[in-house]
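Engineer: Under numbering that gives the first Met the number 0, the first residue of the sequence shown carries the number 0, and numbering increases by one thereafter.
Incorrect hints may appear among the rest.
Quick list of simulated restraints, FRET-style, between CB atoms [to be verified]:
no., residue 1, residue 2, range
1, GLU122, ARG218, 35 to 43 Å
2, ARG107, ASP242, 30 to 38 Å
3, ASP170, GLU263, 19 to 27 Å
4, HIS51, GLY147, 14 to 22 Å
Simulated from the structure, these hints should not be mistaken for laboratory data. These numbers were taken from a predicted model, which means no experiment stands behind them. Yeah, the Cβ is synthetic: ideal placement off N, Cα and C, and Gly gets one too.
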Amino acid sequence: MGRRASTAAIHQVTPLPQPPASVAEPRIGLALGGGFARGIAHAGVLKTFEQHGIPLHCITGVSAGSIVAAAYASGTPADDIGRVGSSMRVTDVASWSLCRMGFMGTERMKTFLEGLLKAYRFEQMRIPLGVVATDLCTGEPVSFHDTGDVVLPIRASCSYPGLFQPVPEGDRLLVDGAMSIEIPALLARELGATHVISVYLPPPPCRRPPANAFQVIRRCFQIMQERSEQTWRQESDLIIVPDLKATDWNGFEAGPELVNAGAEAALAALPTIDSWFLSPAIRESIA
Numbered sequence: 000m001g002r003r004a005s006t007a008a009i010h011q012v013t014p015l016p017q018p019p020a021s022v023a024e025p026r027i028g029l030a031l032g033g034g035f036a037r038g039i040a041h042a043g044v045l046k047t048f049e050q051h052g053i054p055l056h057c058i059t060g061v062s063a064g065s066i067v068a069a070a071y072a073s074g075t076p077a078d079d080i081g082r083v084g085s086s087m088r089v090t091d092v093a094s095w096s097l098c099r100m101g102f103m104g105t106e107r108m109k110t111f112l113e114g115l116l117k118a119y120r121f122e123q124m125r126i127p128l129g130v131v132a133t134d135l136c137t138g139e140p141v142s143f144h145d146t147g148d149v150v151l152p153i154r155a156s157c158s159y160p161g162l163f164q165p166v167p168e169g170d171r172l173l174v175d176g177a178m179s180i181e182i183p184a185l186l187a188r189e190l191g192a193t194h195v196i197s198v199y200l201p202p203p204p205c206r207r208p209p210a211n212a213f214q215v216i217r218r219c220f221q222i223m224q225e226r227s228e229q230t231w232r233q234e235s236d237l238i239i240v241p242d243l244k245a246t247d248w249n250g251f252e253a254g255p256e257l258v259n260a261g262a263e264a265a266l267a268a269l270p271t272i273d274s275w276f277l278s279p280a281i282r283e284s285i286a
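Given only the sequences and the hints, what does the whole structure look like? Please build it.
Structural biologist: Right, dumping it as structure tokens:
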């Protein structure tokens, strides 16, 4: 059965005759959703986790979340991720290249990632990393982890249909991972997490009808994701939802505010996370 996400404290009691060392240690997996510029908020969540010594067993991501997840798994500090995210622009990761498959190519992302990541292969990551893209033909999620180059999976996971051109991988064409699964909570559990924290970046409210083709496509995908979000929610033990207000998909100039929003939301979730640990001794042993 799926798991119901909770924001209430989970109290665990150790029987007196049983020493704490015999208790299984929680393995926390962090699953990061997409949101383009709004993904900068993920850096704030990670910053709070760093400051409070929350140990991560693994981290997974789709779309913008895949960039943040890969950077952190490689050893890039949360502050650096937030700083780079706040200063970037769309043209740092893509270039206009009009063709039948999309308006922009993402070859530039390789150079961008080389400046952000400290490792470029899954097996070199500091903690296990998972990235999800979507097979354009089957519509199924395609998971990347354990071994291999990380750049192509991230490019694929960020390839928003209509704007960015699909990324070929063997005989498949891959697009944005959020098209098949909005938040890769299940992948975090498959990588060994006993407790999965999902970070959800809800889109700005739709206050007026779309004004162009791209806005129409974006709104259609938002509606589709709203209808299917129960899938990832069932695999989440805790869902963190930063208050991003009306920040738009390309609102990089709001980077510092997005980082703060992520940090504050993570801070509010700490009591629940702390309740997963039975004693300070366990926390210290796995920090």
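Engineer: It remains to establish, for every hint, whether it holds in the given structure.
Structural biologist: Structure-based check of all given hints:
Hint check: GLU122 to ARG218, Cβ distance near 39 Å, so the stated range 35 to 43 Å holds. For the pair ARG107 and ASP242, the beta carbons lie near 32 Å from each other, so the given range of 30 to 38 Å is met. Taking the beta carbon of each, ASP170 and GLU263 are about 45 Å apart, not inside 19 to 27 Å as hinted. Range check, HIS51 to GLY147: about 33 Å between beta-carbon atoms, so the 14 to 22 Å window is missed.
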